[in-house]
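Colleague: One-letter residues, chain by chain:
Number of protein chains: 2
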Amino acid sequence: MNGAESVVRSLHQAGIDVCFANPGTSEMQFVDALDRTNLMRCVLGLFEGVVTGAADGYARMAGKPAVSLLHLAPGFANAGANLHNARKARTPMLTLLGDHAVRHRVYDAPLTADCAGAAAPFSDYVDTARSAESFAAQAMQALAIATGKPGRAATLIAPADLGWDEGGIVAAPIAPAPPAALDADALSAAVAALERDGARTLIIAGGAVLESVEAIASLHAICARTGAGLLAPTSNRRIERGRGRGAIEKIPYPIAIALERLAPYSHAILIEAQPPVAFFAYPGRPSLLLPEGCAEIRLAGFDGDGPAAIAALADRIGAKPVAIANAPLPEEPRAGAITHDSLAAAIANAIPENAVITEESITAGRQIYPTCAGAPPTSWLALTGGAIGIGPPLATGAAIACPDRRVLALQADGSAMYTIQALWTQAREKLDVTTVIFANRSYEILKQELYAVGANPGRSALDMLDLDRPELDFVALARGMGVPGRRVACARDLMRAIREANAERGPFLIEAVM
Amino acid sequence: MNGAESVVRSLHQAGIDVCFANPGTSEMQFVDALDRTNLMRCVLGLFEGVVTGAADGYARMAGKPAVSLLHLAPGFANAGANLHNARKARTPMLTLLGDHAVRHRVYDAPLTADCAGAAAPFSDYVDTARSAESFAAQAMQALAIATGKPGRAATLIAPADLGWDEGGIVAAPIAPAPPAALDADALSAAVAALERDGARTLIIAGGAVLESVEAIASLHAICARTGAGLLAPTSNRRIERGRGRGAIEKIPYPIAIALERLAPYSHAILIEAQPPVAFFAYPGRPSLLLPEGCAEIRLAGFDGDGPAAIAALADRIGAKPVAIANAPLPEEPRAGAITHDSLAAAIANAIPENAVITEESITAGRQIYPTCAGAPPTSWLALTGGAIGIGPPLATGAAIACPDRRVLALQADGSAMYTIQALWTQAREKLDVTTVIFANRSYEILKQELYAVGANPGRSALDMLDLDRPELDFVALARGMGVPGRRVACARDLMRAIREANAERGPFLIEAVM
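Chains A and B, in that order, give the protein sequences. For reference, each letter of the first sequence is one residue, going 1 to 514 in the working numbering. For reference, each letter of the second sequence is one residue, going 1 to 514 in the working numbering.
No wet-lab data here; the hints were simulated from the structure. Treat the hints with care, as some may be off.
Since the list gives no way to pick one copy over another, a pair counts as held whenever it fits inside one copy or between any two copies.
[As the list claims (entries may be wrong)] Derived lysine to any residue pairs resembling SDA-like cross-links, with alpha carbons at most 25 Å apart:
1. K430 <-> D473
2. K320 <-> E240
3. K430 <-> L230
4. K250 <-> Y107
5. K430 <-> G117
6. K250 <-> V106
7. K430 <-> L329
8. K430 <-> A476
9. K447 <-> R105
10. K320 <-> Q274
11. K430 <-> E296
12. K430 <-> R486
13. K64 <-> R487
14. K447 <-> R245
15. K430 <-> R492
16. K447 <-> A312
17. K430 <-> R261
18. K430 <-> P470
19. K250 <-> R130
20. K447 <-> A137
21. K250 <-> P470
Work the whole structure out from these sequences, hints included.
Modeller: Below you can see the structure in the form of C-alpha cells.
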C-alpha cells in the first residue's frame, strides 16, 4: 500500500468521508487513491478558496472535518483567506497540502515555494510527512488536533514521493484532548456577579454554546432569574436560532453603537468568547469595547466546555427553565423597492422550515439577523474572520453536509465575487442552495469606513469602492456556471422568488437589486 | 502631510503612476491620499489575484512596477499565487499591504493574522513601516529593491495608524544596485566551448535577453557562426518575437520530450537562466534535465546583464549579423472542428500587428507558440510560476501599460476560472483585450499527469479533472461582467472572430469549443 492510500484509509476509519479538492500534479497519487478506494465523496472546487470555504461550511454542520486537498504553496495561498475565516470560527479543518517530491525541492522548479511558510499564518498546526510509513499516523495526529477543543486548522504537507512510495501503514484514530476543566473560581465569581448586580452583568457566549439549543435555553433562564444581559459575538460559527429558541442579540459591528451597547455593564462573563474588540482601529477610538473598569470573568475559554459551564452556572444560581417568548415575524413586504427593511422582511417571511442560513453581508444585511428572530428554526452561519468571499463556498459545504435541508445563502455582491466559482460546484453536485445576492453595486461598508477616517471622497476614491461601472449581472454569471436564476427589484417579488426557489431541488440564484 | 500621502507623493516622484487596488478599511488613508493627490491611475480588481496578476502584466510591458494595494494577511494570501508567478518571472513588484494599527494588533480582532509571515513566502523582500516619518523612505527602499536586477517582489506592510499619522516626509528615489559584472572566466569558457564543439553546445537564454530584439539577433548570429543550439526556458516573462525577429524554441514541458531534446549537448551556456529542471518529479525520472556530464557555463546570472554578456560573446567569437529567415505562416484554417492544429493556425493568422500576447495554456495551446513564429511581431507573455490563474489579470495589466496595442489573451478554460473576475476590470477600464478561451472542458494536463504516475483512473478521479458537468458558459460569464462575447466551434469562424474583435475597441471574449 502506498503512502497516499494509507492516509485515505486511515482518515476514513476515523469517520472522514468527504474530500473537497483542487488537486494538481503533486496530488495525483491522492486522486488515484481516492479513486481506487472509493471511500470518500470527492467534491471539486474550481478555485482553492471554494475548497476551504466549503470544508468550513461542511464541518460547521457535520461537526467533523472534511479533507481539503490542495496543490503546493500557491494553492494554499488561494485557500488561505477562507482558512483564516475557519480558524477564527474555530472550525475543525484538515488540509492535505501536496508538495514537490523531497528530492525535487532543491531545484527551484517553477512551482517551488515554501509550503510550511505559506501554511503557518493560516494554520494552528503544520506538520510535514516524513515517510510513507509514518504518513497515516501523522494524518491521525493532525486530525486529533483539528477536532479537539477548540476546533483547529491542521495542515499536513504531503510530498509527492511519500504518497507514491510503498510502505504505507493504516493508522488508528487518536482521541482528541478533552476540553479544559471548569474553573471553579471563575464559576464562583460569575455567580457572585450575577447575584450581586445581575442587571449590570453581561454574559457573552459564543462557540459551541450557540450550537446547543439546551445551552441557549439555560442562558435565557439565567438572564430571567438575574436580570443579566446576554450578547453573542458579532461573528459566529453557527447559531441555532429562530422560533422557540429565544433570540440572542449580537454585539453590533459599528464601533460607536457597540460602545454604547456595552456601556452599562460592570461585569462581563465570557463563555467561549474573548473580550469584544473593534474590527478595526480608528483614530481616537479604543480597540477594546467593554467600558473601562468592567471586570472580565472568563468562565470558559475556547478550549473549555461552554455548555457544561452554563449548566453549572444555572444550577448554582437556581435558574429554572422559562417559556421563550417568540419574536414576531415582520409583515410580508408590499410591492416596492428593496430597502434594508423590506429586504429583511422578505427574507424573514421566506425562510423555510429547518433551513441552513449562510450570511455574508454587513451593510445591506444589517436588519436581517434581528428581523429573522421569529422565523422558523435555522442554523445560522456567518463570516467569522472578516475575510470576504466565504459565502458561496460556505453554503456549498453546508449543503453537502445537510442533504435534507435547504440552504439559503444571504450574500453581498462585492464579497460574492471573490469566490463566485462555488456556484459551479453547487450545480455539479445538484445542491439545494438558494443564493440571494444583495446587489447594491458598491463596497458600501468601505464607503462608510472612508467617511469614518474623515475623508471627503472624490471620484478616484469612489471608483475604488463602487461596483456599478459596469453593473455585474449575477444571473448571467450563475447561468455561466450552470445555476438558473432571476433578477428582482421588488421586495414582494423577492419574497416570492425565494419561496419558489426553495420549493424546487437544486441551486438557484436571485439577484435582488437594491 | 500624513504618512499615506508622503508614500503616494514619493512613489509618484519615482515614476510610479498606476495603482492596482483591492483596498479595505485599513487602507482607507491610502484611498484618501490617492484621491486627493490624483497622481496615480487607480484600477480596481474585484479579487486580489487580479490585482497582482495585473501588476505583473503591467510591469512586464511598462518596464517599471505599479503599486499593488492590498488588505491584511487574507488579502495578501488571495494575491499570493500571482505574486508567486511574478517572482518566478522576476518582474519588479511593489506591494503595499495594509495592516491593523499597531496598537490594535494584540487584540486578535477578526482580521488579525501575521502579515509579515503571509508575505514572506511570496516576496523577495518584506519590510514593515515604522513611523509616519520613515514611511516614504521605506517605500523608496522597497522600490529600489524591486527594480534592481533581477526584478524582485518587494512588500511593504503599512499599519493603518502610520498612514493617518501626521509627519510624513516625501523621500527621494534610490537608485537600484547595478547588475553584477560580467564574469571573464565564464566568458572565456563559453568562447572555448563554442569554438571547440559548437554543435554540442547549447545556449539557454532567458530574462531580459528575450526582451531585447538586438540580443536575440546576436544570439542567432552566434549560433550561425558556431552551430550552437539555442533554447529559451519553458516559461518566460516576455519574448519579443514574430516576423523578422528569429524564432527561439522553448524547452519542452513534457519531461520525456525535454530529456530527448537536451540529450545531444555536452556544454550549456546559461544566460539569465538556471539549469533546466522538470516542472515536477516523477518516479524513476531525473529532476534536472541536462544530460549527465553536461558542463554548465553560467555566463550571466539573473542578477547580471544578459544582453551585455551576449554582446561580449558575439564580439569574442566574431559573430556577424545574419539574415533572419522568417518562419512561414500556416495556411488559414478551413471550416471544421477546432483541434490543436487548427486552433494554432487560426490564432497565427489572426494576430494583429504589434500585439501583446498573454498565454496560459499547456495542453490545448502546445502548438500555438511554434506556429506563431512567423506571425507579426508581438510581445509574448507567459505563465511563469506554474500557479494557474494568471492569464486574465496579466492581459488586463498589459493593456493598461500599452493603450495603443491590442492584447490577445490565449487562455485555457480551467485556469481562466481562478481569476475570471479580471474581465470586469477590462470592461470598466475599456481595455482592448481579446480573450480566447480554449474550452476543452477539462484539466487536460492533469489527466496526462495522472496517467504519468501510472494510474488507471475511474469515475471518481476523472470527476476531479473534468469540467464538463455542468459545462461552463464563458460567454455568459463575460456578459455578467460587462464583456461582450461569442462562442465558436469552427476553426475558420474562430480566426474571423478574433480578427473582428481585434478591429473593435474594448474587451471581447471568444469561447473556442474544442
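Colleague: Please sort K430 with R486 into within, between, both or neither, judging by C-alpha distance up to 25 Å.
Modeller: within (18 Å within a copy, 27 Å between copies)
Colleague: At most 25 Å between alpha carbons: which applies to K320 and Q274, within, between, both or neither?
Modeller: neither (27 Å within a copy, 74 Å between copies)
Colleague: Between K250 and V106, at a C-alpha cutoff of 25 Å, which is it: within one copy, between copies, both, or neither?
Modeller: For K250 and V106, only the inter-copy Cα distance (23 Å) is at most 25 Å; the intra-copy one is 50 Å.
Colleague: What label fits K430 with L329 when the C-alpha limit is 25 Å: within, between, both, or neither?
Modeller: neither (31 Å within a copy, 47 Å between copies)
Colleague: Check K430 against A476 for me: Cα-Cα at most 25 Å, and say if that holds within a copy, between copies, both or neither.
Modeller: both (19 Å within a copy, 20 Å between copies)
Colleague: Since the copies are identical, ignore which copy is meant and state whether K430 and R261 lie within 25 Å (CA to CA) inside a copy, between copies, both or neither.
Modeller: neither (43 Å within a copy, 47 Å between copies)
Colleague: Under a CA distance limit of 25 Å, which applies to K430 and R492: within one copy, between copies, both, or neither?
Modeller: Result: close neither inside a copy nor across copies, 27 Å intra and 37 Å inter.
Colleague: Given identical chains, is K320 near E240, meaning Cα to Cα at most 25 Å, within a copy, between copies, both, or neither?
Modeller: Classified as within; 21 Å inside a copy, 80 Å across copies.
Colleague: With identical chains, the pair K430 and P470 could be close in the same copy or across copies; at 25 Å between alpha carbons, which is it: within, between, both, or neither?
Modeller: between (30 Å within a copy, 10 Å between copies)
Colleague: Tell me, please, which holds for K447 and R245 at an alpha-carbon limit of 25 Å: within, between, both or neither?
Modeller: neither (36 Å within a copy, 50 Å between copies)
Colleague: Can you give me the call for K447 and A312, within, between, both or neither, at a CA distance of at most 25 Å?
Modeller: neither (46 Å within a copy, 57 Å between copies)
Colleague: Since the copies are identical, ignore which copy is meant and state whether K250 and Y107 lie within 25 Å (CA to CA) inside a copy, between copies, both or neither.
Modeller: For K250 and Y107, the Cα distance is within 25 Å only across copies (19 Å; inside one copy 52 Å).
In summary, the structure is inconsistent with hints 3, 5, 7, 10, 11, 13, 14, 15, 16, 17, 19, 20, 21 from the numbered list given earlier, while agreeing with the others.
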